[in-house]
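Build the full structure now, drawing on both the sequences and the hints.
There are 2 protein chains.
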Amino acid sequence: MNSDDRPHHEASLARVRIVLSHPTEPGNIGAAVRALATMGLRRLVLVDPKRFPDPQATAMAAGAARYLGEVEVRANLDQALAGATLSIALTARRRDLSPPLIDLRDAADLAIAEARAGGEVALLFGTEVSGLSNEEVLRCQRAARIGTSEEFSSLNLAAAVQVVAYALRHAAVGRESYVNERTPPATHEELEGLFAHLEASLQRSGFLDAGNPRRVMQRLRRLFARAQLESQEVNVLRGMLSAWDEALRGRTKR
Amino acid sequence: MNSDDRPHHEASLARVRIVLSHPTEPGNIGAAVRALATMGLRRLVLVDPKRFPDPQATAMAAGAARYLGEVEVRANLDQALAGATLSIALTARRRDLSPPLIDLRDAADLAIAEARAGGEVALLFGTEVSGLSNEEVLRCQRAARIGTSEEFSSLNLAAAVQVVAYALRHAAVGRESYVNERTPPATHEELEGLFAHLEASLQRSGFLDAGNPRRVMQRLRRLFARAQLESQEVNVLRGMLSAWDEALRGRTKR
Numbered sequence: 146m147n148s149d150d151r152p153h154h155e156a157s158l159a160r161v162r163i164v165l166s167h168p169t170e171p172g173n174i175g176a177a178v179r180a181l182a183t184m185g186l187r188r189l190v191l192v193d194p195k196r197f198p199d200p201q202a203t204a205m206a207a208g209a210a211r212y213l214g215e216v217e218v219r220a221n222l223d224q225a226l227a228g229a230t231l232s233i234a235l236t237a238r239r240r241d242l243s244p245p246l247i248d249l250r251d252a253a254d255l256a257i258a259e260a261r262a263g264g265e266v267a268l269l270f271g272t273e274v275s276g277l278s279n280e281e282v283l284r285c286q287r288a289a290r291i292g293t294s295e296e297f298s299s300l301n302l303a304a305a306v307q308v309v310a311y312a313l314r315h316a317a318v319g320r321e322s323y324v325n326e327r328t329p330p331a332t333h334e335e336l337e338g339l340f341a342h343l344e345a346s347l348q349r350s351g352f353l354d355a356g357n358p359r360r361v362m363q364r365l366r367r368l369f370a371r372a373q374l375e376s377q378e379v380n381v382l383r384g385m386l387s388a389w390d391e392a393l394r395g396r397t398k399r
Numbered sequence: 146m147n148s149d150d151r152p153h154h155e156a157s158l159a160r161v162r163i164v165l166s167h168p169t170e171p172g173n174i175g176a177a178v179r180a181l182a183t184m185g186l187r188r189l190v191l192v193d194p195k196r197f198p199d200p201q202a203t204a205m206a207a208g209a210a211r212y213l214g215e216v217e218v219r220a221n222l223d224q225a226l227a228g229a230t231l232s233i234a235l236t237a238r239r240r241d242l243s244p245p246l247i248d249l250r251d252a253a254d255l256a257i258a259e260a261r262a263g264g265e266v267a268l269l270f271g272t273e274v275s276g277l278s279n280e281e282v283l284r285c286q287r288a289a290r291i292g293t294s295e296e297f298s299s300l301n302l303a304a305a306v307q308v309v310a311y312a313l314r315h316a317a318v319g320r321e322s323y324v325n326e327r328t329p330p331a332t333h334e335e336l337e338g339l340f341a342h343l344e345a346s347l348q349r350s351g352f353l354d355a356g357n358p359r360r361v362m363q364r365l366r367r368l369f370a371r372a373q374l375e376s377q378e379v380n381v382l383r384g385m386l387s388a389w390d391e392a393l394r395g396r397t398k399r
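Just so you know, the sequences run in chain order A and B. Per the working numbering, residue 146 is the first one in the first sequence, and the count goes up by one each step. Per the working numbering, residue 146 is the first one in the second sequence, and the count goes up by one each step.
Warning: the hint list may mix true and false statements.
To be verified - Quick list of the computed label-pair ranges, beta carbon to beta carbon:
{"id": "1", "chain 1": "A", "residue 1": "242", "chain 2": "B", "residue 2": "396", "range": "30 to 36 Å"}
{"id": "2", "chain 1": "B", "residue 1": "217", "chain 2": "A", "residue 2": "223", "range": "45 to 51 Å"}
{"id": "3", "chain 1": "A", "residue 1": "198", "chain 2": "B", "residue 2": "354", "range": "22 to 28 Å"}
{"id": "4", "chain 1": "B", "residue 1": "220", "chain 2": "A", "residue 2": "208", "range": "30 to 36 Å"}
{"id": "5", "chain 1": "B", "residue 1": "352", "chain 2": "A", "residue 2": "210", "range": "54 to 60 Å"}
{"id": "6", "chain 1": "A", "residue 1": "349", "chain 2": "B", "residue 2": "319", "range": "37 to 43 Å"}
{"id": "7", "chain 1": "A", "residue 1": "217", "chain 2": "B", "residue 2": "220", "range": "45 to 51 Å"}
{"id": "8", "chain 1": "B", "residue 1": "153", "chain 2": "A", "residue 2": "342", "range": "44 to 50 Å"}
{"id": "9", "chain 1": "B", "residue 1": "365", "chain 2": "A", "residue 2": "207", "range": "51 to 57 Å"}
{"id": "10", "chain 1": "B", "residue 1": "396", "chain 2": "A", "residue 2": "153", "range": "52 to 58 Å"}
{"id": "11", "chain 1": "A", "residue 1": "348", "chain 2": "B", "residue 2": "280", "range": "32 to 38 Å"}
{"id": "12", "chain 1": "B", "residue 1": "373", "chain 2": "A", "residue 2": "366", "range": "52 to 58 Å"}
{"id": "13", "chain 1": "A", "residue 1": "329", "chain 2": "B", "residue 2": "319", "range": "34 to 40 Å"}
{"id": "14", "chain 1": "B", "residue 1": "363", "chain 2": "A", "residue 2": "286", "range": "19 to 25 Å"}
The hints are simulated quantities; they were obtained by calculation from the structure and are not laboratory data. Glycine is no exception: its CB is placed at the ideal position from the N, C-alpha and C atoms.
Below, the structure written as C-alpha cells:
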C-alpha cells in the first residue's frame, strides 16, 4: 500500500459524489452504498428515489449498512448537483447533442484532477430502465461511457456504480504495490552458491554428463531467474540437495 | 471505438476464463454471467456450485440469460483449471505463504499478455463467505487483490467479478476514444471571424470601452479556447450577434 498518499487520495475521493437520478430499485441503492464504501467514496446522493429507506436497500448494503444514514436525498437534479464544479453523466447511448463523450478512465482522471485542485465533482447515473434523459445529460460538462461488449452492453445499475467507483479509486490511488510484503529476495552470492551446489549434486547423481554440463545448468539458471528466488527458498533448496548428497553417500558406502 | 483491434482483443478475452469455486448463491452466478457478457468474456467455470441451474441465477442474469447455457460446471478445481497456463487467485486477505500478490491492474495486464501469447488464463474467485483456501491459492501462479478502502473492503462476489471483468476488458482494449463522433471543430479563421464580430458588437452595445477593449476580449478568447468550439457553434454565435446588431440598429433608428 502506498500509505504515504492515503490522506491525499482520501481527501480527493471525499470531493467526488455519486448521484443516482430517480432510482426505482432500493436493492440497487443498497448495493451502491456498499460499492462506494469498498472504494472509499463517501457521498451518495439520490434524486427523488422511488423507495428509500427500504429493507431491500439495507439487505443489499450488507456490512456497509452503517453508511445508509449518510445517503443524501434531494428533490431534484439541480439540488443534487449544487456546489459541483464538474459534473459527468454516465451514458451507454451515444446522443445527437451531448457534452464531449469520453472513456470512463479519462473521466475518472478528470474527476480526480478536479477534486485535487479543490473542485467538487459529481458522477450522474440515470434511472434503471431508461437511463438519463437528454436534458439531464446536458446539465453536465462531460458524458462518460463504460466500454462494454458490442454484443451485450447492459450493465446493471449497481454493477455500473461499482465499476465507476473502482475507476475513481484507482485514478486517485494508482496501482497498489505489495512489494514490501515479500520476504527478502536471494542475493547474487546465494544464487551462485545454489548453482554450484546443484551442479555438484547433479554430477554426483550421474544426471549431469561431467564432460558437458553447461546446457542443463543454463536451463536451470533460466528457470530460477524467472522464479525470483527468496533467500529462504535458497536455503530450502540447498537443504534438499544436501539430503540427496547424504543419501547418495550412504548408498555408495553400502 | 478502436474497431481495428476488435478481433485482436476478442481473441484475447476468449482465452481468459473466470472460475468460481463453490459458489453458494445462484444469484451471484447469474450476476457473474451478466458481468462477463458486458465485458466480452466468454467462459464462466463453476467448481461444484451449491445450486445451478437455478431460477435466481436466471433472474440475475437478466438480458444475459441466453449465455447461461455456456456456463461450465466442474467437479473440482483441477478440472476447472485444466489447460490453463496462467492462474491468478483473487484474494482480499494477505496470506503468509502465497504466490506473488499483485494489484488487479497488473494481474489484468499479465493475463492479457499471456492470452495474446497464445496461453490460457484463469482468474479464480473463492466461495462467498470465506473466500479461497490457502490450498486453492497455492494452485495458482499469482495472487491478485482488488484495491479497496481500508475501512470497508468487503466486495460482494458478483461485484468483484464485475470489477475484474472490467479490468480485463480494459487491459485488452485500452481506453476507448470517441473523438470521431465530434462534429467538425472550428478553424482558426472561423474563430478569428467570431472574435472580430464579437468585439464590434460589444463596442456598438456600449459594453466595451472603445479605448481599451483588450482585457475583456482576452478573457473571452480564453473562455472560447477552453470550450473548443465547433464550426456549427461559431455559426450559431455569429447568428446571435447579428440578431443583437440588427435589434440595436432598429432601436437606434427609432
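How the hints compare with the structure:
no. : hint                         : in the structure
1   : A:242 with B:396: 30 to 36 Å : holds, 33 Å
2   : B:217 with A:223: 45 to 51 Å : holds, 49 Å
3   : A:198 with B:354: 22 to 28 Å : violated, 58 Å
4   : B:220 with A:208: 30 to 36 Å : holds, 32 Å
5   : B:352 with A:210: 54 to 60 Å : holds, 56 Å
6   : A:349 with B:319: 37 to 43 Å : violated, 53 Å
7   : A:217 with B:220: 45 to 51 Å : holds, 49 Å
8   : B:153 with A:342: 44 to 50 Å : holds, 46 Å
9   : B:365 with A:207: 51 to 57 Å : holds, 53 Å
10  : B:396 with A:153: 52 to 58 Å : holds, 56 Å
11  : A:348 with B:280: 32 to 38 Å : holds, 36 Å
12  : B:373 with A:366: 52 to 58 Å : holds, 56 Å
13  : A:329 with B:319: 34 to 40 Å : holds, 37 Å
14  : B:363 with A:286: 19 to 25 Å : holds, 23 Å
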